[in-house]
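J.: If you want the building blocks of each chain, they are given just below.
Number of protein chains: 2
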Amino acid sequence: MRIPSKHIENAVDQIASLPGIGRKTALRLVLQLLNRSDKEIKDFSEAFLTMKEHVKKCTTCGNVSDFEVCAICKDENRDKTLVCVVEDIRDVLAIEATQSFKGIYHVLNGIISPMDGIGPADLNIENLISRVQKENISEIIFALSATMEGDTTNFYLYKKLKNFDIDFSTLSRGVSIGSELQYADEITLSRSIINRQPFEF
Amino acid sequence: MRIPSKHIENAVDQIASLPGIGRKTALRLVLQLLNRSDKEIKDFSEAFLTMKEHVKKCTTCGNVSDFEVCAICKDENRDKTLVCVVEDIRDVLAIEATQSFKGIYHVLNGIISPMDGIGPADLNIENLISRVQKENISEIIFALSATMEGDTTNFYLYKKLKNFDIDFSTLSRGVSIGSELQYADEITLSRSIINRQPFEF
Numbered sequence: 001m002r003i004p005s006k007h008i009e010n011a012v013d014q015i016a017s018l019p020g021i022g023r024k025t026a027l028r029l030v031l032q033l034l035n036r037s038d039k040e041i042k043d044f045s046e047a048f049l050t051m052k053e054h055v056k057k058c059t060t061c062g063n064v065s066d067f068e069v070c071a072i073c074k075d076e077n078r079d080k081t082l083v084c085v086v087e088d089i090r091d092v093l094a095i096e097a098t099q100s101f102k103g104i105y106h107v108l109n110g111i112i113s114p115m116d117g118i119g120p121a122d123l124n125i126e127n128l129i130s131r132v133q134k135e136n137i138s139e140i141i142f143a144l145s146a147t148m149e150g151d152t153t154n155f156y157l158y159k160k161l162k163n164f165d166i167d168f169s170t171l172s173r174g175v176s177i178g179s180e181l182q183y184a185d186e187i188t189l190s191r192s193i194i195n196r197q198p199f200e201f
Numbered sequence: 001m002r003i004p005s006k007h008i009e010n011a012v013d014q015i016a017s018l019p020g021i022g023r024k025t026a027l028r029l030v031l032q033l034l035n036r037s038d039k040e041i042k043d044f045s046e047a048f049l050t051m052k053e054h055v056k057k058c059t060t061c062g063n064v065s066d067f068e069v070c071a072i073c074k075d076e077n078r079d080k081t082l083v084c085v086v087e088d089i090r091d092v093l094a095i096e097a098t099q100s101f102k103g104i105y106h107v108l109n110g111i112i113s114p115m116d117g118i119g120p121a122d123l124n125i126e127n128l129i130s131r132v133q134k135e136n137i138s139e140i141i142f143a144l145s146a147t148m149e150g151d152t153t154n155f156y157l158y159k160k161l162k163n164f165d166i167d168f169s170t171l172s173r174g175v176s177i178g179s180e181l182q183y184a185d186e187i188t189l190s191r192s193i194i195n196r197q198p199f200e201f
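In the order they appear, the protein sequences are chains A and B. Start counting the first sequence at 1; every next residue gets the next number (the working numbering). Start counting the second sequence at 1; every next residue gets the next number (the working numbering).
Hints listed in this document are in silico derivations from the structure and should not be mistaken for laboratory results. By construction, the Cβ of each residue, glycine as well, lies at the ideal position given by its N, Cα and C atoms. Mixed in with the good hints there might be a few duds.
Now the in silico label distances, taken between C-beta atoms and shown as ranges [claimed, not checked]: (1) F155/A <-> G22/B: 32 to 42 Å; (2) L171/A <-> E186/B: 44 to 54 Å; (3) E40/B <-> N124/A: 53 to 63 Å.
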């Protein structure tokens with residue numbers, strides 16, 4: 001598909017550089033942008049420059065924030081002894097949306113993934129260790145993906161932190177609430193039998 | 001989902017304003033952008049500004065171009081008596097990709113769609129009529145979508161142009177090549193029986 005304008009071609013390349021967007025979709029989006037007013041295009045472009053310029057990483061937990069310390073770390077009503085370790089800010093948003101966690105977070109900004117060339121040094125791990133040394137943390141919840149990379153990262157963190165006097169936990173795994181047994185995958189189902197819990201009523 | 005930064009929120013709003021992209025996808029894309037370097041973000045943002053500033057509509061056919069007259073209209077090897085009327089530039093690209101059309105185009109930049117408030121005056125139709133008056137056009141191919149809006153637009157154009165000494169044609173409709181009969185929809189199948197063609201071998 002030969003686009004008859006190098007400027008459109010360039011805009012398509014930029015949109016198609018976003019993960020999961022192919023060139024056909026990118027062209028559709030770019031042509032929609034092209035029909036917008038000068039002001040709208042300016043707003044569109046500036047949103048990303050402004051974001052890059054102003055968004056900081058919270059110096060405590062690594063969450064994104066407009067300030068040096070994020071709103072969650074600053075909040076005095078949260079339990080600072082309970083730290084939930086997550087992969088990225090979307091996990092923070094997902095857990096916050098449940099409104100059932102009153103502790104604070106530590107955002108690793110990725111997980112250990114040798115296939116993608118991501119090692120422990122690329123992640124926000126040193127900072128977690130120094131938090132454990134300095135802050136009064138009593139429990140760390142590993143809330144990483146239930147994948148091989150997630151398990152590897154959990155294990156690495158556990159080995160680094162096991163000599164401190166803290167409890168470690170992970171999210172419970174099992175059959176999703178509302179889903180039918182016959183559609184659960186075998187590993188999840190077998191794990192949920194092994195980890196069966198006392199019946200409550 | 002409360003995003004902890006108004007700058008990220010704003011970037012998400014902008015990406016989510018693109019057709020077919022929801023806020024969850026937009027957040028994923030924006031966080032990927034946030035991890036890029038300053039230079040990359042600058043290139044990303046500027047692509048759209050530059051495009052808006054430099055891309056023109058071809059004064060002859062309405063196709064997008066970096067110049068006053070597009071490469072297709074300028075090409076002396078193309079048959080200027082044969083004009084293919086299409087809805088937008090993506091249709092030009094699709095037809096060009098077949099390499100089987102040697103005429104030129106006229107891009108309407110939309111189709112008549114009362115539901116969306118798009119009437120004949122919003123489209124590049126006056127220009128088509130003046131092309132027919134001035135240029136030496138012998139055939140017009142209506143290559144619009146096979147929808148009610150496409151048919152309405154075809155009919156409107158035909159009424160406007162029928163008094164000129166030109167032939168009119170539309171793309172042939174029928175069962176797609178390579179597809180199985182049982183999966184063709186009823187209207188297409190019945191039309192392809194009515195419009196059956198002499199068997200060639």
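J.: None of the hints should be skipped; say for each whether it holds.
T.: Here is what the structure says about each hint:
no.: 1; hint: F155/A <-> G22/B: 32 to 42 Å; in the structure: holds, 35 Å
no.: 2; hint: L171/A <-> E186/B: 44 to 54 Å; in the structure: holds, 51 Å
no.: 3; hint: E40/B <-> N124/A: 53 to 63 Å; in the structure: violated, 21 Å
Violated hint for the displayed structure: number 3, the only one.
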